[in-house]
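J.: Residue strings, one per chain:
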Amino acid sequence: MTSAAPSISMLYQPRLARRKACNVVFYVTGAAVCAMTVALLATLIGVVLKDGWTFLTVRFVTSFPSRIEPELAGVKPALFGSLCVVLMTGVISVPLGVGAAVYLSEYAGDSRLNRFIQLNIANLAGVPSIVYGLLGLAVFVRWLHLGSSILAGSLTMSLLVLPVIIISAREAIAAVPQSLRQAAYALGATRWQTVRAHVLPSALPGILTGVILSLSRAVGEAAPLLIVGAAAFMLSMPGSQAGGGAWNKLVAIGTDNFAVLPIQIFNWCKEPDVVFQQLAAAGIVVLLAALLAMNSVAVGIRLWHQRKRTW
Amino acid sequence: MKSLSNWWVGSMVLSGAVVCGLAGASPAQEKLRGKIVIDGSSTVHPIGLVAAELFNAAQPGVNIPIGVSGTGAGFKKFLDKDASLRTSINLASRPITPGEMKTAADQKIDFLEVPIATDGLAVVVNPSNTFCKHLTLEELKRIWEPNSAIKNWNQVRPGFPDLALSLYGPGTDSGTFDYFTEVVVGKARSCRSDFSPNENDTILVKGVEGDKGSLGYFGYSYYEGSKGRLNLVSIDSGDGKPVAPNMETVRTGTYHPLSRPLFLYVNKEHYDKRPELRAFVAFTLENAVKIVAHKHVNYVPLDDKAYAAVKAHVAAGVAGSRIQEHKAGTPLDIAALYQPGVGGSKSGG
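Just so you know, the sequences run in chain order A and B.
Count the first sequence with the numbering used here and you get residues 1 to 311, in order.
Count the second sequence with the numbering used here and you get residues 1 to 349, in order.
It is worth saying that the hints were derived from the structure and are not from the lab.
Check each hint, because a few of them may be wrong.
As the list claims (entries may be wrong) - Residues from chain B that face chain A, not an exhaustive set, calculated with beta carbons under 10 Å:
#, residue
1, 39
2, 52
3, 225
4, 251
Said to hold, decoys possible - In silico lysine to aspartate or glutamate, DMTMM-like type, Cα no more than 25 Å apart, as pairs:
#, chain 1, residue 1, chain 2, residue 2
5, B, 290, A, 273
6, B, 31, B, 209
7, A, 249, B, 30
8, A, 270, B, 209
9, B, 206, A, 273
10, B, 212, B, 239
Claimed, not checked - Pulled a few chain B residues facing chain A out of the computed Cβ check, cut under 10 Å:
#, residue
11, 34
12, 35
13, 48
14, 57
15, 60
16, 62
17, 63
18, 68
19, 84
20, 101
21, 102
22, 103
23, 201
24, 202
25, 294
Heads up, the beta-carbon is just placed ideally off N, CA and C, and yes, glycines get one too.
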């Protein structure tokens with residue numbers, strides 16, 4: 001019997017050296033791919049920082065674009081426009097998207113219609129953004145007579161990000177353990193009470209991830225807003241012509257023409273003069289910083305909620 | 001809400017400070033309010049931008065959003081079916097077309113045609129290309145006409161070296177493309193399809209710069225902005241005397257026929273109703289030389305006689321297009337063409 005021992009131990013090490021080599025190769029490949037991604041990003045940030053460095057002052061975010069003295073130009077109206085659009089997009093799309101996700105996963109049964117709706121939402125998430133721009137132009141700008149306004153732009157962006165928000169919120173809600181719901185029902189909670197007090201708080205980190213990703217996309221998109229008619233250059237702030245109270249001001253902002261950062265950057269990039277290229281680079285840094293700030297706030301909220309979670 | 005309005009006041013003060021800082025003291029005059037929506041050609045938009053900036057320095061209450069859709073797309077917005085969506089001014093790097101004039105007539109839109117500057121088209125080659133100093137219009141036509149068989153420099157003119165020819169030009173949406181094809185090929189928008197098109201003149205400059213056998217064309221001001229990186233080609237319009245574009249030859253029309261007028265088209269109904277629009281157009285014409293020759297605009301101003309005629313033309317409120325009476329390719333005398341009461345406007349109103 002002793003003669004069988006080595007053969008058994010051999011049985012547990014078939015081609016061990018080869019498998020270990022494979023492991024090393026895979027590790028190295030993975031690390032290289034990861035390093036390449038980081039290096040690409042670092043190169044991008046390095047290049048725009050180098051080009052835009054001289055313009056990265058507080059003045060850059062507090063002044064207007066200028067053709068006369070590009071050295072004094074800034075992105076104030078574009079930054080303000082971008083923030084308005086993303087804020088309004090969030091206000092419109094988050095309740096709609098999360099509401100739809102709650103309905104689809106908690107209330108609607110597993111009917112054929114429900115599956116059809118979900119299939120369509122998944123497809124909508126893959127529709128090119130320019131198509132949403134055309135839809136926004138036809139429906140919001142023309143049919144609803146909103147003109148090329150911040151409101152029309154935000155509504156268009158909401159259409160664009162809604163599918164992503166719905167899908168990610170649905171995934172997050174589906175990941176909440178069934179036992180949690182059953183425990184709530186067992187204690188006599190209604191479906192709404194269960195959703196509000198247990199399912200939504202537990203799913204919040206996942207929902208927020210989807211919201212962050214989609215709002216970040218809304219900040220960076222240029223194509224749909226170009227179609228909707230965002231201005232290339234604004235020399236005063238949206239709504240600055242309106243008088244009266246805060247409400248009048250808000251309405252004026254919502255219905256005024258606007259510029260956004262990506263389009264401003266795009267238009268500076270088109271200029272032959274090197275100073276405009278530097279302005280574009282500085283604009284890119286501001287856009288990245290705005291994105292990063294948004295993301296970190298949301299990541300913070302997510303971490304905080306994850307720590308509270310006990311399962 | 002309070003913090004928002006505080007922020008708002010702060011930003012207003014700041015913006016005022018910035019604008020005043022830019023333009024120095026502004027003359028005291030009636031303070032206008034309102035909005036002037038401008039769109040159109042990417043070639044002309046620097047003129048619109050500088051005009052708006054200077055105007056805003058004196059009239060900060062007028063909001064002037066400027067879009068850069070291109071001349072054709074700009075005319076679509078200028079002549080929109082929905083009156084509430086129409087732009088007040090379209091910046092155009094070519095005259096309005098008969099088709100666009102028909103649309104305007106169908107919708108009962110009267111417009112003022114305001115020539116504001118001249119621009120030359122620069123034909124350029126790679127800096128390493130020392131053999132091609134000039135081209136005749138005929139040679140350009142053979143290179144650019146539809147289905148042209150010319151793929152090598154030695155097919156352009158006997159004596160040119162064996163070097164593959166690669167072509168760069170503005171995209172088919174640009175007014176520059178319309179203008180070049182009309183003058184060179186003889187029919188607007190008729191052009192061979194195997195060239196590298198780009199709406200972005202910077203990319204065209206880079207393309208010609210990085211390609212030894214390249215030949216490209218774009219607005220003369222873009223050449224001014226990239227001098228030294230490209231070689232300029234003189235153009236022989238058929239009389240055996242090649243002319244290179246520069247500020248002087250473009251202004252006097254000696255650089256013929258590749259120099260062209262640039263226009264503002266102004267919605268006449270808006271113009272009649274809105275004092276801020278009248279003030280803006282008057283301001284732009286009054287300061288035209290300063291605006292057009294600004295180092296970040298770099299077009300060639302019209303001469304004083306021409307500006308005087310255009311001012312009178314606008315002041316008289318003459319609707320319709322006078323440029324239609326001018327045949328592309330022949331020397332253009334704007335002063336004579338826009339003299340009020342002279343040269344009957346077919347679509348005058």
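J.: Which hints from the list above does the structure break, by number from lowest to highest?
T.: Violated hints (numbers, rising): 4, 6, 10, 20, 21 and 22; every other hint is consistent with the structure.
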